[in-house]
Amino acid sequence: MENNYLLAPKANHGFSCKVPMKGTRQIFVVNGKVEGTGKPLALSFPKGEINADMLQVIGVRTTVEGLHAGIAGVCGAKGTAAEGQQVIDLNATDSIEFGEDCNEKLLLCSHTFTPDQFVTNERTLITLHRGASADITVMQNEDNRSKHFTDYTIDLEEGSNLKMVFISLHGGEISNNLKVNLNGEHIDCVVNGLCLADRSQKMTTQVLMEHFKPNCTSNQLFKYILDDNAVADFFGLIRVAQDAQKTNAYQANHNLLISDNAKVHTRPQLEIYADDVKCSHGSTIGRLNEDELFYLRSRGISLPEARLLQQKAFANGVLETISNENLRLRMESLVDKRLRGEFSSCKNCSKNCC
Amino acid sequence: MLTIKDLHASVGDKEILKGVNLEINPGEVHAIMGPNGSGKSTLSAVLAGRDTYTVTEGAAMFEGQDLLKLTPEERSWLGLFLGFQYPIEIPGVSNVNFMKAAVNEQRKRRDLPALSPGEFMKLMREKMAYVEMDASFASRGVNVGFSGGEKKRNEIFQMAMLEPKLSILDETDSGLDVDALRIVGNGVNKLRTKENSMIVITHYQRLLDYIVPDVIHVFYEGRIIKTAGRDLALEIEKRGYDWIIEEAEANDGK
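Residue numbers (the working numbering), protein chains in the order written: chain A, 1 to 354; chain B, 1 to 254.
FYI, nobody ran anything at the bench for these hints, they're computed from the structure. Do not take every clue at face value.
Said to hold, decoys possible - Okay, derived cross-link-like pairs now, EDC-like style, lysine to aspartate or glutamate, Cα gap no bigger than 20 angstroms in a straight line:
hint, chain 1, residue 1, chain 2, residue 2
1, B, Lys100, A, Glu305
2, B, Lys226, B, Glu246
3, A, Lys337, B, Glu105
4, B, Lys108, A, Glu305
5, B, Lys151, B, Glu132
6, B, Lys238, B, Asp209
7, B, Lys151, A, Asp291
8, B, Lys69, B, Asp51
9, A, Lys22, A, Asp53
10, A, Lys312, A, Asp291
11, B, Lys100, A, Glu292
12, A, Lys163, A, Asp151
13, A, Lys22, A, Glu325
14, A, Lys163, A, Asp53
15, A, Lys179, A, Asp243
16, A, Lys179, A, Glu158
17, B, Lys226, B, Asp252
18, B, Lys100, A, Glu332
19, A, Lys47, A, Glu158
20, A, Lys202, A, Asp151
21, A, Lys337, A, Glu320
22, B, Lys69, B, Asp6
23, A, Lys105, A, Asp53
24, B, Lys100, A, Asp336
25, B, Lys226, B, Asp242
26, A, Lys312, B, Glu105
27, A, Lys312, A, Glu292
28, A, Lys312, B, Glu89
29, A, Lys278, A, Asp188
30, B, Lys151, A, Glu292
As the list claims (entries may be wrong) - Where chain A lies over chain B, by a calculated footprint (3+ residues, C-beta under 8 angstroms):
hint, stretch
31, 36-50
32, 62-75
33, 78-90
34, 208-215
Stated by the list, open to error - Below, a sample of chain A positions facing chain B; criterion: calculated Cβ distance under 7 angstroms:
hint, residue
35, Asp275
36, Glu292
37, Phe294
38, Tyr295
39, Gly300
40, Ile301
Values in this document were obtained by computation on a predicted structure and should not be read as measured data. Yeah, the Cβ is synthetic: ideal placement off N, Cα and C, and Gly gets one too.
Input sequences plus hints: build the corresponding full structure.
Structural data, given as structure tokens:
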């Protein structure tokens, strides 16, 4: 595995990641600085490069001596720190650039290593140049006391092809704010997400899909499974400019509420200024289906197992869109563990489970 | 094996079962016939543990246990199986994962080790052959996009996998064409042994050509009004239910 590190971490922080497959290259980013360079992440995939193997970026927050509530003032608008919190304010911006006609696979992981009350504000710019293809999976697994706010600005140029799947497994508060600009014609963009929250966790997703040019396709599927007192917020807007004729855009947000106290606010929206487009959106909020539960139980599947099967079936709609089979199987098993509650029983879950 | 005494059940304020008495011994096949809305499906749902029905009176003992106190899964572990009249579709759960979860949980309750993936697939293939199911069934979502006939075959396939002591087949023949009926009928017949029993709920004699019952009960207004040998089905096919209902009402002194 050592050979796979592009930039080997100075210390592995007791961290062992079971996700990467043979051939996966890894980069460690500790508190917003790439280990080995001390600078923010700036990835640039060269023009025409085709990589069959995945690049994994492991972004972690860990306790820094002397960094305490006092610096809350420099924090961004969203995450402000209370006393005793560790604030990781990534003032600098990460950038990931995909050169013309390249074809790359990227796994972006996010963890907290210590159970401090981290507040992370992060900005990530992603650019796909003409004809580039990017397959990006984002995996977020953080401590219950962690708050993580990320703004993604994604620029897509003509003929590019983006597939992005968010798996928000665990975290005190996770907020993903995406602005996707479809700047050229013939762009194909898929952004999906699966969020799992229980206890008093909070998950927020905002997606602004901006269709500026004609003949583009965008698809969104966001699914939430909420238990206990979890709260989720989904805001999605597809905006189709006057010039963006023949746009094909779809957005769906489906929510499964396991407990009586879980809550979700969902606001799917369309704003269309062109007159020859195919756009639709949909949102559902539901509970586990009683008929299905009875059917499963009548075959001898116990109530907890039956509920788990249903939740996994629901999650599967997003998981099956992960193209890499090994990664998909790994994510499926993490989702299984997560839904069985095995994460919450392990204090430093984000350190050891994956 | 199963003893039902004066069973009453309702949905909300509406009483549907009004005093059912039934005794089933190992190896017996009982057919239950009767007009629509007489409570046949309610009886099967109550026996399987559907909680939309409330049992208000009476008792049901199965394998020496108070059936009505058990959860649906506990009834299944004891060896009860309900073949659904309208099998439920479960998108996202494949037949193979569904059956793996069911079979392994049943084995766990009987202190048997879980089957290895190889053993499990072998068992699947063997049982799929009972109802002439194509190999592609295994990976498809449970009943999702299945035709009426495929759904019913899937019920019998599940019955074959779970090897229950008592199977309640609720209108397994409805919606089947002649070929599917033959496949389902033969499939059930192959599962018949000297030890296991069946309750076959049906409207038609034709299923009973395949699954020959020991006794036929006629259900009307929430209870059994007539019990006779297998020839009764032929007579019902010719004459309908009116004469049986009149006979019963005369006996009741109405």
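Under 8 angstroms between beta-carbons, do enough residues of the stretch 78-90 of chain B, three at least, approach chain A for the coverage claim to hold? Per the Cβ count (6), the hint holds.
For the stretch 208-215 of chain B, do three or more residues have a beta carbon lying closer than 8 angstroms to a beta carbon of chain A? As far as the stretch 208-215 of chain B goes, the hint is violated, because 0 residues have Cβ atoms under 8 angstroms from chain A.
Just to be careful: measuring from the Cβ of Tyr295 (chain A) to every Cβ in chain B, is the smallest value less than 7 angstroms? This interface hint holds because 4 angstroms falls under the 7 angstroms limit.
Hint consistency between Lys105 (chain A) and Asp53 (chain A) [alpha-carbon to alpha-carbon, up to 20 angstroms]: 7 angstroms, holds
Holds or violated: Lys226 (chain B) with Glu246 (chain B), Cα cutoff 20 angstroms? 11 angstroms, holds
Given hint Glu292 (chain A) paired with Lys312 (chain A) - CA-CA distance at most 20 angstroms: Holds, because 13 angstroms separates the two Cα atoms, which is no more than 20 angstroms.
Can we keep the Gly300 (chain A) interface hint, with Cβ of chain B closer than 7 angstroms? Holds - the Cβ of Gly300 (chain A) comes within 7 angstroms of chain B, reaching about 4 angstroms at its closest.
Verify the proposed pairing of Lys238 (chain B) with Asp209 (chain B), using a straight-line Cα cut of 20 angstroms. 15 angstroms, holds
Is Lys69 (chain B) within 20 angstroms of Asp6 (chain B), Cα to Cα? Holds, at about 16 angstroms.
Restraint outcome when Glu292 (chain A) is required to lie within 7 angstroms of chain B by C-beta distance: Since the shortest Cβ distance to chain B is 5 angstroms, the answer is holds.
Taking only the CA atoms, is the gap from Lys151 (chain B) to Asp291 (chain A) under or equal to 20 angstroms? 16 angstroms, holds
Next pair to validate is Lys100 (chain B) with Asp336 (chain A); report whether the Cα-Cα distance is within 20 angstroms. 16 angstroms, holds
Checked against the numbered hints given earlier, this structure breaks hints 34 and 35; the rest are met.
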